[in-house]
Amino acid sequence: MKAAPHGVLTGVHFINGDAACCEGAIAAGARFAAGYPITPSTEIVERYAARAPQVGGTFIQMEDELAASITLQGAVWAGARAFTVTSGPGFSLMMEHICYAAMTETPCVFVDVQRAGPSTGLPTLPAQGDMMQAKWGSHGDYPIIALCPNSPQECFDLTIQAFNLAEKYRNPVMFMMDECVGHMTEKVVIPEADEIDITPRRRSPDAQLFQPGEDLVPPMQHAGEGHGIHVTGLTHNERGYPDLTIASQDKLVRRLHDKIALAAEEIADWDEEDIEGADVAVISYGITSRVAQRAIVMAREKGLRVGRMRLITVWPFPERRVREIAQKVRTIVVPELNLGQIALEVERLAAGNARVISVTHAGGGVHRPEQILQAIEEGAR
Amino acid sequence: MAKGAVHITVDRCKGCAICVEFCPTHVLALSTAFNGKGYHPPHVVNAEKCSGCDLCGMYCPDFAIYGFKLGKQGVAQ
Amino acid sequence: MAAVANPVEQFLRSERIPHIWCPGCGIGTTVNAFARAVIDSGLDPLKVVVVSGIGCSGRVAGYVSFDSFHTTHGRAIPFATGLKLANPELTVVVYSGDGDLSAIGGNHLIHSARRNLDIKVICVNNLVYAMTGGQSAPTTPETANTSTSPYGSFEPDLNLPKLLDAAGASYVARWTTYHVKQMERAMLELLRKKGFGFLEVVSQCPTLYQRRNGMGDGLESVKFYKEHSKVKNDACLDDLAMDKIGEIICGRFVDRDRPEYGQTMREFYQNKLGAKYRAPEFQDGVLV
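Chains as they are written, first to last, in my numbering: chain C, 409 to 789; chain W, 214 to 290; chain H, 266 to 553.
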C-alpha cells in the first residue's frame, strides 16, 4: 500500500537527520511514540510531539526509557505503528524490551542516535559503539534487524524501510543513527505519498497469533478485536500460551531465528563501488562512510585501486557479499567509531582470504581521512 | 427443600478448606477421599441448608466450587 | 444439574486450569471477584484487556480469557499506557503483584497515578516476592521473616494507599481476601471509575510468607484477615502501614474526580490546534 497523504510532508526540505527520521516515521504511518529525553536523539521526539496531534498521532513522554520502550509495544498491540527514540545510556535501559518485542513478535522501531560511551561517556558527541549491543544487548538468542543511515535523506528513506521491515517480519528493527548524521543538516526530498510504499501489518482473523506462514512469520490480531489473544514473554505455543518445555523452546527460538535468517539475503542492503579489480576494499557505515569516501578519493589520487562497500543494513549482516569481497581483494579496511566491532564480523567472514585492518576510534569525533588513507596504503602494500 | 446447591469440580480442588470454613450455613466438609491430585476435596454434608449464596464460589482459589439458587421445583435459577 | 455455571468460568482459559498457584493461595480468590465485577459492570468483555507483569499475580493474564498480556517485570503499567492511549475504547486492567507494581515498577505506578490515565490497577499484595521464593518486598511488614531477611525485616514497609493518594490516583481502596463481597464491589467501582484507580488486595502466600512466619496455611490466613482487619473508609492514610500481626485497615480511601489523561490530552490539542488537529483514526484495525 501507499503512505497516507496526511502524514507525508512532500517537498524539498533543509533539515537535520533527527528531523528527517521523525518525518520518515510519520510518513511510514507511525501514529504512536513514547520517549524519554536524551541528547542527541531528543529532537526526533520533540518534532514528533509537535507533529503528532496534526497527523492523528499520539506522543507521550514517559518516566524513563524502560517505560518508553514497552509503552510503544502496548500501542502496537492496540493497532498502532509505534517507535521510540534514544541514545546510548537509554538504549542500554531499553534492552529488556527489545527481546520482549522479538519474543512476542511485536513489530516496532527503536531509534538509537549513537553517542560516545561507555556510560555517560562524551555527551553528546558521535560514536558507533552500540552496533554489537543492537544485536546482542538483550538476553537469549533473538533475531534483530538493524539499519544504518549516513545522511539526513537516508534518515527519512530508511526510517520508512525500518517500519516496513518491522511489519513484514513482525520483528523489532533498530535504526542505528549517530550524532553526526542526526545533527547534520542537508537537503531532504520527501516524495508524494503515492510514491512511498508501505508494508501493511500482517493480519489474519483466523490464524493463531503465533502460527507462522510459509515465511515463518505469523499474522497479527489486536486487543479488542474479539480473539481473546494472549501474549507472553514466556516460551509459548502457537496459541500464545506458555509452553515451558525444551521442545517448545527449541521450536520457538529456532523459528524466530530462522524467520530472519531465511530472509537475510532479501533484507541485506548495501551500496558498493569498484570492488572488481580493487586491491583494497573499505567497508564502512553511517557517518564514517562519508569520511572513508574522502580517504578513498585520496588513495585513488595516489594511484591505489580501492573499492568500497557501505553497509545499509548491519543486521542481518550481508555475509555472502562480504565473503565474496574477501576473495576478490587483498585487504579489507574497516573504519568505525568504536574499537572494532563490525571489523570482527568482517574478519569472521573474510576467514583468512583477505587481511582485515580495523581502523578504530574511541568516539567523540570522526576519523581524519588520513587515518583511513594510511590503512588503505598499508593494505595495498 | 434447599434454597440452593453447590457444584464441585473435584479435580480442580487443592484442599485448602476455605470454602468449608466460610460457608455461612455449614453445608460442606472435607471428604476423606482423595482427588486425582491427592487432595481432599469438599463434599456436601448438609445439602438442605445450602442457600445458594455462592460465597464458596467467591472464595475458592481454584475455581473448583460455586453455589447457585434453586427455584421451587429444585431447578437452578 | 441445571444450566448454570461458575460465573468465573466464562472468563477463564479453562484449558489452562488447574493453575500454578499453591493450595490456599489468595490470587484465585481475587479472580473470582474480578469475574463477578466484570459481569456486574455490563462492560463488553471483548473490550476488556488484562495486563500483568511478572510474578505469581502476574500469571493472572495467562488464565483469563480476555485479551491479555503477560509483560516484563514491573512494566505492566507502561504497556497498559500504550494500549489505552492507542485505543481509548479498551478497558485496560493491570493485574499484578506488590513487588512488580511497587518495587521494580514503582516509578510507573507513581507517574501513571499522577497523569490519571484511565487504567485500573489491581495489586495483589502478598507481602513478599512469591514466585522467586519468598524474598522481602517493599511491602513486607517490618519484623516479618523472609528468605532474604532471615533474622526478620528491619526495613519500614511501603504504605501503598498513601503513596497512591499522594501521586493523584482517582480511586484507592484496600481489602483482603477475606472480604470477597467488598472486593467484588471495589472492583466494580474500579471498573466504573474514570481515571487511575488502584485496588490493593492483601492476600496470603501460605507457602512462603505465612508458613515462614508461623501464621499457618491459607485457611488460617483468611481467618487472620477476618480477625485483624477493620473497615475504616475515612481512615487517616498515615495509619495504613501494615505490621506483621497488627490491624489491617480496609476500605475505600480515595474516590475523587480529576481530569483523565487521555481525554484531557485530546481536548487540549483540539483546543490549541483548532482546525489543524487531527483525531486518531482506525482503518481495518490499524491507526492511520
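These are computed hints drawn from the structure, not numbers from a lab. Among these hints, one or two may not hold up.
Stated by the list, open to error - Calculated cross-link-like contacts (lysine to aspartate or glutamate; reagent style EDC-like; alpha-carbon spacing at most 20 angstroms):
#, chain 1, residue 1, chain 2, residue 2
1, H, LYS312, C, GLU633
2, H, LYS488, W, GLU234
3, C, LYS410, H, GLU512
4, W, LYS250, H, GLU280
5, W, LYS250, H, ASP482
6, C, LYS576, H, ASP305
7, H, LYS541, C, GLU785
8, H, LYS537, C, GLU454
9, H, LYS458, H, ASP522
10, H, LYS491, W, GLU234
11, H, LYS312, C, ASP677
12, W, LYS282, H, GLU274
13, H, LYS458, H, GLU546
14, W, LYS282, H, GLU280
15, C, LYS736, C, GLU778
16, C, LYS667, C, ASP677
17, H, LYS458, H, ASP520
18, H, LYS491, H, ASP520
19, H, LYS446, W, GLU234
20, C, LYS410, H, GLU546
Here's how the hints hold up against the structure:
1. LYS312(H) x GLU633(C): Holds, because 8 angstroms separates the two Cα atoms, which is no more than 20 angstroms.
2. LYS488(H) x GLU234(W): holds, 9 angstroms
3. LYS410(C) x GLU512(H): violated, 63 angstroms
4. LYS250(W) x GLU280(H): holds, 17 angstroms
5. LYS250(W) x ASP482(H): OK: LYS250(W) and ASP482(H) at ~18 angstroms, within 20 angstroms.
6. LYS576(C) x ASP305(H): violated, 42 angstroms
7. LYS541(H) x GLU785(C): Violated - the C-alpha atoms of GLU785(C) and LYS541(H) are around 57 angstroms apart, more than 20 angstroms.
8. LYS537(H) x GLU454(C): holds, 17 angstroms
9. LYS458(H) x ASP522(H): Holds, because 9 angstroms separates the two Cα atoms, which is no more than 20 angstroms.
10. LYS491(H) x GLU234(W): holds, 12 angstroms
11. LYS312(H) x ASP677(C): This hinted pair is violated, its Cα atoms lying about 42 angstroms apart.
12. LYS282(W) x GLU274(H): holds, 17 angstroms
13. LYS458(H) x GLU546(H): violated, 25 angstroms
14. LYS282(W) x GLU280(H): violated, 27 angstroms
15. LYS736(C) x GLU778(C): violated, 24 angstroms
16. LYS667(C) x ASP677(C): Satisfied, since the Cα-Cα distance of roughly 17 angstroms is no more than 20 angstroms.
17. LYS458(H) x ASP520(H): This hinted pair holds, its Cα atoms lying about 9 angstroms apart.
18. LYS491(H) x ASP520(H): This hinted pair is violated, its Cα atoms lying about 25 angstroms apart.
19. LYS446(H) x GLU234(W): holds, 16 angstroms
20. LYS410(C) x GLU546(H): Holds, at about 17 angstroms.
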